[in-house]
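Asks: Chains as they are written, first to last, in the numbering used here: chain A, 1 to 376; chain B, 1 to 376.
Hints listed in this document are in silico derivations from the structure and should not be mistaken for laboratory results. Here the structure is a predicted model, which is why all the values come from computation and not from measurement. Please note that the accuracy of each hint is not assured.
Any copy will do: because identical chains look the same in the list, a pair fits if it lies in one copy or spans two.
Dumping the calculated EDC-like pairs for lysine to aspartate or glutamate here, alpha-carbon to alpha-carbon at most 20 Å [to be verified]:
1. K9 to E53
2. K9 to E59
3. K289 to E53
4. K289 to E328
5. K138 to E248
Number of protein chains: 2
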Amino acid sequence: MFEEGAILKRRWGEENVFDLSIGNPVMEPPVEFSQELKRLVENPLPGMHRYMENAGYPETRAAVAAQLSLETGIKFSMNDIVMACGTGGALNVVLKTILNQGDEVIVFAPYFMEYGNYIDNHGGCIKVLPTDERFMPKLDALEAAITAKTKAVIINSPNNPSGAVYSEDLIHRLGELLRKKESQYGIQIFLISDEAYRKIIYDGLKYPPVFGHYLQSIVVTSHSKDLALPGERIGYIAMHPNCSLREELMGGFIFCTRTLGYVNAPALMQHVVRNLQHVTVSVAEYQKKRDFLYGHLVEMGYSMIKPQGAFYMFPKSPLEDDVAFVNELRQWHVLTVPGRGFGSPGYFRVSYCVDDKTLEGSLAGFKRAAQKFNLC
Amino acid sequence: MFEEGAILKRRWGEENVFDLSIGNPVMEPPVEFSQELKRLVENPLPGMHRYMENAGYPETRAAVAAQLSLETGIKFSMNDIVMACGTGGALNVVLKTILNQGDEVIVFAPYFMEYGNYIDNHGGCIKVLPTDERFMPKLDALEAAITAKTKAVIINSPNNPSGAVYSEDLIHRLGELLRKKESQYGIQIFLISDEAYRKIIYDGLKYPPVFGHYLQSIVVTSHSKDLALPGERIGYIAMHPNCSLREELMGGFIFCTRTLGYVNAPALMQHVVRNLQHVTVSVAEYQKKRDFLYGHLVEMGYSMIKPQGAFYMFPKSPLEDDVAFVNELRQWHVLTVPGRGFGSPGYFRVSYCVDDKTLEGSLAGFKRAAQKFNLC
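With the rest of the complex left out, here is chain A (with noise of 0.2 Å):
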């Protein structure tokens, strides 16, 4: 995607391409960032960018487990923390540690389409499920749906593509049925949880973790969006300090995080985000884009379940083919993802994160779709 847009700009000019099909984010990451890495840089650590151990620097790790333990009330230690690069990365850390060839990992769909080849890289099978209009697990569904092999659920709370937030009832009421489904089996299950967006949350929602509820958890999640940091792959692997694996796990993490060829999470930013556990970029800007644009679509017709984090939104496409819908919009130079990419068609993502100028300069493209296929 990031490819054809850049083929579309030069083809039409930068001006006259609006894309929203990339989770790009158009902010600088804050001004803590710029602060911290202009102070490293002019007084550097000896050794700054040398190997550290594999699982990252102790006082990074540390400073993770002091933000978790805040956010959290459970008591993290670095002992918990594995630096990662990117929740990309930090998924197939925890993957590779976990799978056996065939075992099932579930996921619901809409979902990050990489989860698909992250679990085939290691031997996995990935079993897709459904949710409700609303986007939320179907809890019956997953009930029927868990068997022996299964050996993990991965959620991506915000949800990238619906911008979805899983309320603290649903992942209390997830964390009973995998108990339940670990006894009936005698197995374990671990739940995966994606926290990429974790900090971009809106109409002042608290973010309920899913370490109060399940001791099986373990979280992957980065710096990409809360710093405005994706390029840099900086991230974490966090698992419950009470989980019954925890040793193997740890062990597990390091090597994979060697053996993938990682080694180790960027050194340097590293260093940077150590101090800087408690800044997140401004989240009221996210919001504001999400309200512009929200509102300007249901005006024109589009169908959609207001998001409540991340920065996307996940209107059901006018056409029944979401992929023909799609083509029609690029044609008005409007750029954005079919959901059948997502394991959703009949949908289609828009992202919100772009420059104001790109949103509003969409909304044209966005009328006269609507217009063509009578919404209003």
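Dock chain B against chain A, hints included.
Replies: Then chain B, alone, in the frame of chain A:
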């Protein structure tokens, strides 16, 4: 090894442990690196921490291509280059791209032990061949070992752990042999050249690039050693511009960079190394360290080939059991690595990319072990 060294340093005191076990360069990056990093941080490019194309910034790939053109006399373009998360990342991407289940990959012992894990990650089978008494690949053994299932041969010159540098003549004959076997079996065999130590080369030797001798060659390397940035995970894949599968390979490298969860090489480092392609740490300093340690060890009676590159030496173990000998040295607080970790029992690896105090301090332990086993 990193963790073991840290534990012993806590136990015996930092200054009483002579850790020659890891390739973590003691040198700080060259002054040009610090200047370039400072320049960028003080004059940030807009969006310089955002996602870019998975292959990396076009400007950085063009800079790498220009430097390679200069070094090899062959015309590279950015379309022959994919930026990678270090050599470990580069190798995983290449192997995932080219390997089918059960394909054979040939390496020559002694070899970097992670090759086995990397090949195994992607369904390949490692085939380890011996080298001669100077650690040079034996081409007759290679000729006998290649089968219709052979997909690649990995070479690593300057070699970790032996410090051996392959001659242009050897590489030429290797290329001839691979071409012959390709046409004999009607297959394609890739020559993967791990050149992490390409710039660390002594005695006025000139590095013979593989590209001049074999079209199906792929170079994987990093700036971990030449710019002393091992923790930053910045390197690249370069393929021969006339490789017959160029477009398929490029597509595969990009896909695998994405789906293995690397996504892209760290952004800031891509910006920094763009203008540093011609810069290298002080090789003279490493040569001084080599001369110092080599001279002393040989005088004590240790037997070894004088390394011509990288920053390791690989002496014969005075005990047949190299693990027992490494344990012996550890009793004198000198940390090294048994040769069997590199597929070559009966040797041990000494890493001399450490400060002079550590090198000097290690001599007493080497001396006591030499005396105990009557080396002189």
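Asks: Give a verdict on every hint.
Replies: The hints, checked one at a time:
no.: 1; hint: K9 to E53; verdict: between (43 Å within a copy, 14 Å between copies)
no.: 2; hint: K9 to E59; verdict: between (43 Å within a copy, 18 Å between copies)
no.: 3; hint: K289 to E53; verdict: neither (41 Å within a copy, 25 Å between copies)
no.: 4; hint: K289 to E328; verdict: neither (23 Å within a copy, 66 Å between copies)
no.: 5; hint: K138 to E248; verdict: neither (31 Å within a copy, 41 Å between copies)
Of the hints listed earlier, those the structure fails to meet are numbers 3, 4, 5, in rising order.
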